[in-house]
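As numbered in this note's numbering, residues 2 to 301 make up the sequence shown, in order.
Treat the hints as calculated values from the structure; they're not laboratory data.
Among the hints, erroneous ones may be present.
Claimed, not checked - Derived CB-CB ranges, DEER-like:
no.	residue 1	residue 2	range
1	200	33	31 to 39 Å
2	62	28	37 to 45 Å
3	202	170	32 to 40 Å
4	37	246	16 to 24 Å
5	170	282	32 to 40 Å
6	33	134	35 to 43 Å
7	93	289	26 to 34 Å
8	57	29	17 to 25 Å
9	211	299	17 to 25 Å
10	119	289	22 to 30 Å
11	171	54	40 to 48 Å
12	7	38	32 to 40 Å
Unchecked claim - Here are the simulated lysine-lysine pairs, PhoX-like style, with alpha carbons at most 20 Å apart:
no.	residue 1	residue 2
13	103	155
14	133	103
15	158	90
16	103	38
17	38	90
18	103	142
19	103	156
20	154	142
C-beta atoms are modelled at their ideal positions from N, C-alpha and C, and glycine is treated no differently.
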Amino acid sequence: MNTQVTIAGVTFQNPVMTASGTFGSGMEYSDFVDLNKLGAVVTKGVANVPWEGNPTPRVAEVYGGMLNAIGLQNPGIDVFIKRDIPFLKKYDTRIIVNVCGKTVEDYLEVVERLSDQPVDMLEINVSCPNVKEGAIAFGQKPDSLYDITSQIKKKAKQPVIMKLSPNVTDIAEMSRAAESAGADALSMINTITGMKIDIHRKKFVLANKTGGMSGPAIKPVAVRMVYQAAQAVKIPIIGMGGIGNAEDAIEFLLAGASAVAVGAMNFVNPYTTMEVAEGIEQYMKRYGIENVTDLIGAVE
């Protein structure tokens with residue numbers, strides 16, 4: 002059986018990745034997960050300077066998942082290049098760096114710093130609040146998404162994945178905007194904006210009031226959006242949102258995703274990524290599927 006998939010000229014040994022923000026840079030999970038068995042490690046978001054993130058409390062459990070308002074805390078690109086890339090290069094897995102920023106210039110600075118680094122792809126987090134647009138996320142307006150995508154593509158030396166926000170009216174329109182601006186691939190979905198209130202204290206549970214919801218409860222929304230995007234664009238899609246087992250992952254592949262990423266469930270079961278990869282192989286054996294790529298978009 003062939004579990005290899007190729008996205009924007011980059012070949013992965015299998016279609017299973019980690020979702021940014023849930024796996025650190027791999028170091029934190031390396032005692033539990035054999036990183037050599039993953040298609041790729043997608044790192045936590047990296048900015049041009051260190052970010053402290055939001056005040057606490059910034060994580061809350063909710064029915065069917067979790068809310069987080071971490072605020073993209075990260076050590077900055079200098080530490081990332083010095084510490085995290087050398088660690089990941091010890092493993093036989095692809096490296097995808099998630100990039101975040103508060104202005105287009107912030108993103109471009111990180112993209113340029115990574116141009117001569119041994120990383121395979123860049124994933125651009127356009128759910129960051131654009132400080133020049135009154136904190137509206139880069140990925141919430143088609144013209145803003147087109148602008149940042151096209152500017153990054155002019156500077157990037159690696160293929161560019163645009164990570165789309167689900168907090169939009171029309172995901173197909175956003176997908177087409179990214180594709181027309183030159184994006185090599187899409188990843189979706191990022192978290193859905195949610196809120197939790199402590200009724201006894203009459204206070205917001207998260208200091209930030211709102212947070213990003215992830216986990217099993219959002220999977221049907223994510224599968225639907227991946228399907229819609231796959232009908233709208235020709236570039237590959239990395240599907241994510243509530244994947245907890247191989248069956249979940251296969252749904253995304255059938256809906257049109259070329260690969261999948263495991264996020265919140267890493268916190269529940271740190272072995273999830275490997276179990277998903279093994280489960281996809283078992284499914285292929287069961288149904289006599291020789292190439293995992295035959296599953297992509299095969300829903301009838």
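Consistency of the hints with the structure:
1. Checked against the given bound of 31 to 39 Å, the beta carbons of residue 200 and residue 33, roughly 36 Å apart, stay inside it.
2. Remark: the range hint 37 to 45 Å for residue 62 to residue 28 is contradicted by a beta-carbon distance near 25 Å.
3. The given range of 32 to 40 Å is respected by residue 202 and residue 170, whose C-beta atoms sit roughly 34 Å from each other.
4. For the pair residue 37 and residue 246, the supplied restraint of 16 to 24 Å holds, since their beta-carbon distance comes to about 21 Å.
5. The beta-carbon spacing between residue 170 and residue 282, approximately 38 Å, falls within the hinted interval of 32 to 40 Å.
6. In this structure the supplied range 35 to 43 Å holds for residue 33 paired with residue 134, their Cβ-Cβ distance being about 40 Å.
7. Distance hint check for residue 93 and residue 289: the Cβ-Cβ separation is about 28 Å, which falls inside the suggested range of 26 to 34 Å.
8. Range check, residue 57 to residue 29: Cβ separation about 19 Å, and the 17 to 25 Å hint holds.
9. Distance hint check for residue 211 and residue 299: the Cβ-Cβ separation is about 37 Å, which falls outside the suggested range of 17 to 25 Å.
10. For the pair residue 119 and residue 289, the beta carbons lie near 38 Å from each other, so the given range of 22 to 30 Å is not met.
11. Checking the proposed 40 to 48 Å range against residue 171 and residue 54 shows it is violated: the Cβ atoms sit about 31 Å from each other.
12. Distance hint check for residue 7 and residue 38: the Cβ-Cβ separation is about 18 Å, which falls outside the suggested range of 32 to 40 Å.
13. At most 20 Å may separate the alpha-carbon atoms for a hinted pair to count; residue 103 and residue 155 meet this at roughly 19 Å.
14. Restraint check for residue 133 and residue 103: the C-alpha separation of about 8 Å stays at or below 20 Å, so the hint holds.
15. Only pairs whose Cα atoms come within 20 Å are accepted, and residue 158 paired with residue 90 is accepted, the gap being roughly 18 Å.
16. Restraint check: the Cα-Cα separation between residue 103 and residue 38 comes to about 34 Å, which exceeds 20 Å; the hinted pair is violated.
17. Taking the CA atoms of residue 38 and residue 90, the gap is near 14 Å; set against the 20 Å cutoff, the hint holds.
18. For the hint pairing residue 103 with residue 142, the CA-to-CA distance comes to about 16 Å; that is within 20 Å, so the pair holds.
19. A threshold of 20 Å between alpha carbons decides the hint, and for residue 103 with residue 156 the separation of about 17 Å falls inside it, so the pair holds.
20. Proximity of residue 154 to residue 142 is assessed by CA-CA distance (about 18 Å); at most 20 Å being required, the pair is judged to hold.
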